[in-house]
Structure formats: structure tokens, C-alpha cells
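Number of protein chains: 2
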Amino acid sequence: MSRVWNFSAGPAVLPEEVLRQAADEMLDWHGSGMSVMEMSHRGKEFISIIEEAEADLRELLAIPSGYRVLFMQGGAIAENAIIPMNLLGTRRAADYVVTGSWSAKSEKEARKYGEVNIAASSQAGGCTTVPAMAGWKLSPDPAYVFTCTNETIGGVEYPFEPDLAQIGRGDVPVVADMSSNILSRVIDVSRYGLIFGGAQKNIGPAGVTLVVVRDDLIGHAMPHCPTAFDFRIVADNHSMYNTPPTYAIYVAGLVFRWLKRQGGVAAIEARNVAKAKLLYDFLDGSGFYENRVDPACRSRMNVPFFLGDEALNDTFLAEAKAAGLLQLKGHKSVGGMRASIYNAMPIEGVQALVDFLRDFAARKG
Amino acid sequence: MSRVWNFSAGPAVLPEEVLRQAADEMLDWHGSGMSVMEMSHRGKEFISIIEEAEADLRELLAIPSGYRVLFMQGGAIAENAIIPMNLLGTRRAADYVVTGSWSAKSEKEARKYGEVNIAASSQAGGCTTVPAMAGWKLSPDPAYVFTCTNETIGGVEYPFEPDLAQIGRGDVPVVADMSSNILSRVIDVSRYGLIFGGAQKNIGPAGVTLVVVRDDLIGHAMPHCPTAFDFRIVADNHSMYNTPPTYAIYVAGLVFRWLKRQGGVAAIEARNVAKAKLLYDFLDGSGFYENRVDPACRSRMNVPFFLGDEALNDTFLAEAKAAGLLQLKGHKSVGGMRASIYNAMPIEGVQALVDFLRDFAARKG
Chain A
1 MSRVWNFSAG
11 PAVLPEEVLR
21 QAADEMLDWH
31 GSGMSVMEMS
41 HRGKEFISII
51 EEAEADLREL
61 LAIPSGYRVL
71 FMQGGAIAEN
81 AIIPMNLLGT
91 RRAADYVVTG
101 SWSAKSEKEA
111 RKYGEVNIAA
121 SSQAGGCTTV
131 PAMAGWKLSP
141 DPAYVFTCTN
151 ETIGGVEYPF
161 EPDLAQIGRG
171 DVPVVADMSS
181 NILSRVIDVS
191 RYGLIFGGAQ
201 KNIGPAGVTL
211 VVVRDDLIGH
221 AMPHCPTAFD
231 FRIVADNHSM
241 YNTPPTYAIY
251 VAGLVFRWLK
261 RQGGVAAIEA
271 RNVAKAKLLY
281 DFLDGSGFYE
291 NRVDPACRSR
301 MNVPFFLGDE
311 ALNDTFLAEA
321 KAAGLLQLKG
331 HKSVGGMRAS
341 IYNAMPIEGV
351 QALVDFLRDF
361 AARKG
Chain B
1 MSRVWNFSAG
11 PAVLPEEVLR
21 QAADEMLDWH
31 GSGMSVMEMS
41 HRGKEFISII
51 EEAEADLREL
61 LAIPSGYRVL
71 FMQGGAIAEN
81 AIIPMNLLGT
91 RRAADYVVTG
101 SWSAKSEKEA
111 RKYGEVNIAA
121 SSQAGGCTTV
131 PAMAGWKLSP
141 DPAYVFTCTN
151 ETIGGVEYPF
161 EPDLAQIGRG
171 DVPVVADMSS
181 NILSRVIDVS
191 RYGLIFGGAQ
201 KNIGPAGVTL
211 VVVRDDLIGH
221 AMPHCPTAFD
231 FRIVADNHSM
241 YNTPPTYAIY
251 VAGLVFRWLK
261 RQGGVAAIEA
271 RNVAKAKLLY
281 DFLDGSGFYE
291 NRVDPACRSR
301 MNVPFFLGDE
311 ALNDTFLAEA
321 KAAGLLQLKG
331 HKSVGGMRAS
341 IYNAMPIEGV
351 QALVDFLRDF
361 AARKG
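From first to last, the protein sequence lines stand for chains A and B. Here the first sequence stands for residues 1 to 365, where the numbers follow full-length UniProt numbering. Here the second sequence stands for residues 1 to 365, where the numbers follow full-length UniProt numbering.
No lab work stands behind these hints: they were computed from the structure. Take every hint as true, because none was put in to throw you off.
Just so you know, same-sequence chains aren't split out, so a pair can sit in one copy or run between any two.
Here are the simulated lysine-lysine pairs, DSSO-like style, with alpha carbons at most 27 Å apart:
| no. | residue 1 | residue 2 |
| --- | --- | --- |
| 1 | Lys364 | Lys321 |
| 2 | Lys321 | Lys44 |
| 3 | Lys44 | Lys260 |
| 4 | Lys105 | Lys44 |
So that you can see chain A by itself, here it is in the shape it has in the complex (with noise of 0.2 Å):
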């Protein structure tokens, strides 16, 4: 079979001259007579490939200096338990802003470590947008704010960036779980105490998890808190006090590269709001087809959407795999179809679905 459009949530999507340049290196990277999987994380020739990838993602999202970048493990789930146990060490509580499946898995895990105060939630409609920060209630003295910028399974955005100091609280550090979305649209990381995402979407194979975490943010561990998780730890050994997964890290430089010769964040964001329109001008006008979340809080990664007729799932999916369009299902959770369109998707692929849609619905709506 000739390569799919692959609309999975993740993991998801990769761009094909970076599996192409893997798939080249495989038995000898740059001369070396190994293959990175083979190579000693501790030689030189790994030292430059984890140096170039960290230097890269710095670019790209231009992270100021007074940040720190690590290369973990465990996924988005592992560090709903890890940042607790890193952040509440010397405080007594965390606010949660609610706004989908992961951040409410994310303040359970939570409620192991410390007190919990949910500053907003938008569950009580559905988690369908985000409540807007004016009416946040922050807790005293929290350790941090919890907020998810994009929802996967919903298929929420934050349309707005949090900026504490809008309400009075730039005091509080902002952790963001951005697994779905980072690297998609421009940032300004100075707004956020933690960034992390598992790398499964926009950053490479699963098995990496990404944290970018401010310096004063390090140092403040639970006892309990495992030492191969201690930011400190991880931090002081560049993500090496434990073996760091080699591969996944190599696969997401080389996806950093590619993005950088993409033109960086900002011109992904604005092929990434082309692709996004492209589908949901399609959806809305399509007469047969719905994304039922709010207008300004549509994400731009993630498009759960349900036919007119849900007797009709199987059939779609079946000839939507059949005109190799894969992984439309939706999460089981919200039931319908979603489509995952991550950087790594091109608007060809978005336009291939769009085309199989409206075939679809002329045929059977």
C-alpha cells in the first residue's frame, strides 16, 4: 500500500522526508558505523544530536534563558504526578482549570499529592469551550495553575494565551499541558511557569515527554518524589541521570529540523489555521456534518465532528479507509468521528478528507 492520510490523535502523523532521513541512518548515522539506537547516550555523537534537538526547540519557541529543558519519560499521564511532586513540595495547594478529559485526569492525580482547587471548569456544558480568565478563582497561595491548552478528545483550544496578571495574580506560575498542541501556533513561554507535552503529536514518537520548566520552578521535590522525576536531578544531568530514550529523542530533532525548514512556529500556525478552516467551513456549511464545540475555542489540531445520520458510522469509516483516509473514529469518550490534523498533516490531506466528506454526504445525506 502507498503511505495513508493517517488522521490519528496520536500517536499520529510524522513527516514523511523525516522517516525517509531515519530510515537512511538507520545503519550509520554521519559516519559513526551505528545506528543512533546503538550509540552510548553518554558519546559525543548522541551528546550532539541531544545538544542540536534542545538548541533547535529553543529557537522555535523561543525560550528565553532562565528556562530549562528536559527530556523525560512516562508521557503527559506520568507528569500529571510528577509536576505535584515537583511543585508542591514547599506549597500546599494547586488550582485546576477544567476544561475537558486531560485536565480532569490531571487534577485527580493531583488530589495524591496535595490540596486541589478547581479555579474553572467548563464540564457543567460539556467541557465544549474555555471559560474565560476573568472568572478564574484562584485559590491563597497556590503552587500553580493547571491548564490544558489544547483537549484532544474534545477538540478545545485555549483561544487566548493565560496571563495571570490580567487578573491580579502574575505572581502564580501558569503549567500548561500542551501535549496537542505545542510547536502548532506561536507562544510566548514567559507567560508559563511549566510547559510539557508527550511527544506523540506534533514532536515525534511516543516515549519522550518534553518539559520546559522555569529555573526557579526546580528544586522543590516531594521526599517521595522518585529521583530518575526530580527536575533537580534531571535538570543537573541534562537529562541524563537515567538512560533518556535515544531514538525518540533523535526522531524529534529531526522533526525540529523539518519544522525549521517549514519557516518555524509562525508559518506552521498559519498553515495550521488554513487547514482548520478549510475542514470547519466545510462542517458548518456542509448541512450534514457538526463539530458541536464553541466557534472561538475550536481546536485547530484535534476536529470531532458527527454525521447527520450516526447509523451511518460504520459505512463512513469503512469507505473512508477504503479511499485511505485512517483513524477518523472517534474517542470513545464523545463517540463520532474525529480528525487529528497536526503539523505534520498537509493541507492536501485536509482537502482529500474535505473531498471524501462532501462525496459522502451528496451520497448518502
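Please build the complex by placing chain B on the supplied structure of chain A, with the hints as guidance.
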């Protein structure tokens, strides 16, 4: 450069045919039109990959029913915390046998989670041997006895399988860190309560951690154990509570199949015995090189040695590299040299090393 002889302690050499297959399948796995890196972990393609990997591993190690196989993240160093967090939930103390750097690190980490008793230690003699089991002093009611069956840094390997029934304590589960010798020799899994290992020596790429755990040891996690690392949660979700390191698991599966093609663990053990004998016999008879480990406990996987004249170390490493023999520098805590000769190192590589060693000694010794 052509492929080299890579003696890295880990990440380490992989079978060349595994790397070739991974490269060939990079853009399109089995006609799916996707790279394994791009597949949803919940799709039928990846499910078939992880199920086959587990089935092959069970066959290779003859894992009895009543044991679960978990694919986790964080490496052996994270397990140093994860294991006590899971096994000390209902007990107060655990016993540790210290035979080198890795078991020492493990017992230090465990102290965060409970009382640690040193059942036996070879530290007084510089960790060059394994204390005979008859001398192990277990505490009254330990949750487990921790062992590291091969010390990668010191080059010390258990010449016996711990069988606590022999000292009248068959009720106590043995935990074994087999990171650097798993799948290199036939073991009797039923003697252990839990076996674990980072993948980056004999299994596959760094980033996946293998845990084989007896059913009765699952379900006792401490309250502050991160959900992602709770054996109950990981087992009930078939290692997919969080997104698993899919590509690393895929490559591990290719290594398992390669190992089956080699004839399985007994066949590879015979080769490992031959490789180790070739190298140790040469070192012992050389009159120039020296291995300082108790001959009964010499590792078949990691062979540390010293030159007769340590002033020649840099020259030795430079000439070895020029001859295509890489990563021979000893761990900084030990000094000298170290040749790691895992499953994927063919005897031709060991012979090339011996030839070089002989030639170097003849010229410089």
C-alpha cells in the same frame, strides 16, 4: 564508514538484520501505509505488534502463567522507586543484596519508601564478587529481597539463581534487576517475584522498561505511587494506560524474533559462554591485561579490564577506535577498559577485539 564493533555498555549494539528490517519498514509497515511510529497504540496494527512481542518474550523466557509482562517507561532507575512504591504498600521493609553500583543505587532509592535492610553486600571487598546465599541475613518479614543479577559497571554476574527456599525463606519474593543480562542465559522465572530491566542492552532501544511480575505482587501500591506506574493499572490496561513507547516496543519485538531465529535463549547462552571464554582466557593468559573480578562471578556481558601500563590507556583507545573497535573505555567509577559483549555482538567481534589486544600488547607491553 562501514559498521563498527561497538562494545558500548548500553545503549548497545543491535542485530544488523533487525536494523535493516526497521529501516525497510520505516515508511510502510506491512502494507499499512504508516510507519510504526505513526500508528495509534489502540489500532489493530500496533496491538498485533505488542501482542506478538509479549508472546515471543514469554516463549523465550518460558514465563509461566501467573506472571504479567508490563512494558513501562523510565528505565531501571525509575523502577528503583516504582518497585518499592508498588511492593511496600503492605509491608514495612525490604532486603537488598549489594554487589555493585547498580544495586547500591537501588537500595539508596528504596530508603525513600520504607525500611531497607542490607541482606548481604560485597562492598567491603570492592564489589568483585557475589555473596554466597548461605550468608544472606534476611529481615523478619521483608516485602522482597532485591538482587541485581549482573552489575554492568563492575562486571559481576550471579553464578547462581537466588533460590530462597535453600535458606528456608522460600516465602519471600526475589526481585531481580536483569537489565544487562536478561535473555542472555536460561533462567527459571518461577524463582522470582519480579524481574525487570531497561531495554538498552539485550532487548532493544532505550525508552522501554520490561517488568515481569507475579500476580500476587500486583495491587499493593502506596497511595502516592503515580497512576502511570501502578502495576495494577498498567497490567489491567495491558501497558496502555499511558501511551506506550510504541516504536521501542516494535524494535524489541524484532529483537525477540531475531533471538528465536538464533535458536532461543539456550542457544544464545552457549554463544555467550564461548564469547566470554574467548575474551577472559586471552586476558588471563596475556601477562599484560587484567580482569579483577572473582573468576566465579565474572560477567558474560560486561568485561572490565586494565592494561599492564595505565599510562597507555589513551593510546589504546585511540588505536582501538582506528581499528573499528568502539566504546571500550571503562566506567569512570572503575577506570581502565570495559568490553560489553551482549547477545547482538557476534563472536567475530570478540575475536577482532582479542586480535587487537594481542597485537597491542606485543607492540607496547
